[in-house]
Structures are given as C-alpha cells and as structure tokens.
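*Asks:* Residue-level listing of the chains:
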Amino acid sequence: DQQVKQNSPSLSVQEGRISILNCDYTNSMFDYFLWYKKYPAEGPTFLISISSIKDKNEDGRFTVFLNKSAKHLSLHIVPSQPGDSAVYFCAAPWGNQFYFGTGTSLTVIP
Amino acid sequence: DAEITQSPRHKITETGRQVTLACHQTWNHNNMFWYRQDLGHGLRLIHYSYGVQDTNKGEVSDGYSVSRSNTEDLPLTLESAASSQTSVYFCASSQGTAEAFFGQGTRLTVV
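So the sequence lines, in the order shown, correspond to chains X and E.
Remember, this note's numbering sits 1 above the position in the first sequence when you count from 1.
So that you can map any letter, position 105 of the second sequence is 91 in this note's numbering, and since no number is skipped, the others follow by simple counting.
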C-alpha cells in the first residue's frame, strides 16, 4: 500500500515560471517530510525538508508547503531553470525507514 | 569527505547467475537500505539494516539477500538472477530518520 503518493508522473514548465510538484500521504502519524532530486545516472540527493510543526519551509528558489489536514505537501520552484529538470521524489521517514513517492519528472523548457 | 559508493556501476549477467552488488559508506551510519528504481514504481525498498548483524526485508525482497558484518558495508546478493530483476539499484544510509544519503546507483541487466 503506497503511503506516499505523487500522482503526476511528469510536468513541463517554461523557464522562469513556477513549478509546483504535489505529494499526498495517507499516514497521519508522519511528522517529517523530505524532497529529493534525481538527475539521470545519479543517485537522489536531498533538496529540502519540512517538519509538521511548520506549514512552510523556504530555501532560495525552493519552498515546500505542508497542509496537514489535507495530508498534502507541495514543492514550489520559482523561477524554474533548465537545470531543475530532474525527477523529484517526496519521502516520509517513519520507524527508521523512508517511504518514497513514485516521483515526478520535471522538464523546464528554455 | 564522507560518502557512499556502489560498485559496479553497470553489470550485465545471465539468468540464473548469482550476482552481488556492493555498497560502502563512510558516514558511520547505523541504517543502510537497498532500493530498486523502476519506471512507474519509484523507489521500492528491497532490504534494510539498522546495524551490524541486523537485516530486514522490505516490500520487494523476494530473490534478494543482504548481510551486515560491519557498519560500512551492506552487499546485496541476487541468488539466481531473473529478467524481472533488471533495474537500477540504489544503496542509501542514514542516521535515524534524518536525511538519507544515496549512492550513484548500479544498473543491472539480466539477459
């Protein structure tokens, strides 16, 4: 049973515009979330995280929003750049494991 | 700098052969994980370990085994490789539920 879901397999955005990647989860006990970025032929790398005590965390062009009542989080990238083209995974650590979504492939068009 | 390395980066093997993928981390992390990445499935957990001599099955553990004889290494063994095990394999390590650090991946093709 998929506890973390990313329902959009792919997303295309024009350079300079906002990219919004979405993630839903089913376990209301999850209290910490991470976003990973993955380029082809490389391992995933940590991008940004958010704790459930916050509803927003910002790091440069990247902002993650958390809506606990809806069990939903989103990653905003503003402005989007061609170098942001990658697969993005959301993840929730729980019980010393990490539950990953299926990923969203972002393409930023120059 | 601490790191996590996987070897080989690419491997082609025949059906029925035993294959071992290596994972070595210098973070001194207790937790280590093996995932496979397949289109449409994201990262699926194969096996994981919380410390030396500890191993646990993940959601897709059939046909795979691991052993943890020291903190740094968690080799993944395919007992009898099958075409369904053609995939990209990632090893990761973490300390508790802080961020996990991933290796570069091993692309395995079973022919």
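One thing to keep in mind: the hints can contain errors.
[Unchecked claim] Within a straight-line C-alpha distance of at most 20 Å, the following computed EDC-like cross-link-like pairs (lysine to aspartate or glutamate) qualify:
1. Lys69(X) / Asp32(X)
2. Lys69(X) / Asp85(X)
3. Lys6(X) / Glu(-11)(E)
4. Lys43(E) / Glu65(E)
5. Lys69(X) / Asp24(E)
6. Lys38(X) / Asp24(E)
7. Lys6(X) / Asp32(X)
8. Lys72(X) / Glu43(X)
9. Lys38(X) / Asp25(X)
10. Lys6(X) / Glu65(E)
11. Lys38(X) / Glu(-11)(E)
12. Lys(-3)(E) / Asp40(E)
13. Lys55(X) / Asp85(X)
14. Lys38(X) / Glu85(E)
15. Lys43(E) / Asp24(E)
16. Lys69(X) / Asp56(X)
17. Lys38(X) / Asp85(X)
18. Lys55(X) / Asp25(X)
19. Lys(-3)(E) / Glu45(E)
20. Lys69(X) / Glu59(X)
21. Lys(-3)(E) / Glu43(X)
22. Lys6(X) / Asp60(X)
23. Lys69(X) / Asp25(X)
24. Lys57(X) / Glu85(E)
25. Lys55(X) / Asp(-13)(E)
26. Lys38(X) / Glu59(X)
27. Lys72(X) / Asp56(X)
FYI, nobody ran anything at the bench for these hints, they're computed from the structure.
*Asks:* A separate judgement is required for each hint: does it hold in the structure or not?
*Replies:* Outcome of the hint check:
1. Between Lys69(X) and Asp32(X), the direct Cα distance comes to roughly 9 Å. Compliance with the 20 Å bound is thereby established for this hinted pair.
2. Proximity of Lys69(X) to Asp85(X) is assessed by CA-CA distance (about 27 Å); at most 20 Å being required, the pair is judged violated.
3. Of the pairs offered as hints, the one joining Lys6(X) and Glu(-11)(E) is violated, with about 29 Å between alpha carbons and a cut-off of 20 Å exceeded.
4. With a C-alpha separation of about 15 Å, the suggested pairing of Lys43(E) with Glu65(E) holds against the 20 Å cut-off.
5. A threshold of 20 Å between alpha carbons decides the hint, and for Lys69(X) with Asp24(E) the separation of about 29 Å lies outside it, so the pair is violated.
6. Straight-line distance between C-alpha atoms of Lys38(X) and Asp24(E) comes to about 16 Å, which keeps the hinted pair within the 20 Å bound.
7. With a CA separation close to 16 Å, the supplied pair Lys6(X) and Asp32(X) stays within the 20 Å bound.
8. Distance restraint check for Lys72(X) and Glu43(X): the Cα-Cα separation of roughly 30 Å exceeds the 20 Å cut-off, and the hinted pair is therefore not satisfied.
9. At roughly 17 Å between alpha-carbon atoms, Lys38(X) and Asp25(X) fall within 20 Å of each other, so this suggested pair holds.
10. A C-alpha spacing of about 31 Å is found between Lys6(X) and Glu65(E), which places the hinted pair above 20 Å, so the restraint is violated.
11. For a cut-off of 20 Å, the pair hint linking Lys38(X) to Glu(-11)(E) stands: about 18 Å separates their Cα positions.
12. Only pairs whose Cα atoms come within 20 Å are accepted, and Lys(-3)(E) paired with Asp40(E) is rejected, the gap being roughly 27 Å.
13. Note on Lys55(X) and Asp85(X): the hinted pairing is violated, with a Cα-Cα distance of about 25 Å set against a maximum of 20 Å.
14. Of the supplied pair hints, the one linking Lys38(X) and Glu85(E) holds, its CA atoms being roughly 13 Å apart against a limit of 20 Å.
15. Restraint check: the Cα-Cα separation between Lys43(E) and Asp24(E) comes to about 19 Å, which is no more than 20 Å; the hinted pair holds.
16. Using a Cα cut-off of 20 Å, the hinted pair Lys69(X) and Asp56(X) holds, with the two alpha carbons roughly 8 Å apart.
17. In summary, the hint linking Lys38(X) to Asp85(X) is supported, as the alpha carbons are separated by about 9 Å, within the 20 Å threshold.
18. Restraint check for Lys55(X) and Asp25(X): satisfied, since their Cα atoms lie roughly 17 Å apart, inside the 20 Å limit.
19. A C-alpha spacing of about 23 Å is found between Lys(-3)(E) and Glu45(E), which places the hinted pair above 20 Å, so the restraint is violated.
20. Between Lys69(X) and Glu59(X) the CA atoms are separated by roughly 17 Å; this keeps the pair inside 20 Å, and the hint holds.
21. With a CA separation close to 16 Å, the supplied pair Lys(-3)(E) and Glu43(X) stays within the 20 Å bound.
22. Distance check on the hinted pair: Lys6(X) and Asp60(X) sit about 23 Å apart at the alpha-carbon level, beyond 20 Å; violated.
23. Between Lys69(X) and Asp25(X), the direct Cα distance comes to roughly 10 Å. Compliance with the 20 Å bound is thereby established for this hinted pair.
24. In summary, the hint linking Lys57(X) to Glu85(E) is supported, as the alpha carbons are separated by about 18 Å, within the 20 Å threshold.
25. Proximity of Lys55(X) to Asp(-13)(E) is assessed by CA-CA distance (about 32 Å); at most 20 Å being required, the pair is judged violated.
26. In summary, the hint linking Lys38(X) to Glu59(X) is supported, as the alpha carbons are separated by about 16 Å, within the 20 Å threshold.
27. Of the supplied pair hints, the one linking Lys72(X) and Asp56(X) holds, its CA atoms being roughly 12 Å apart against a limit of 20 Å.
The structure is inconsistent with the numbered hints 2, 3, 5, 8, 10, 12, 13, 19, 22 and 25, although it conforms to all the rest.
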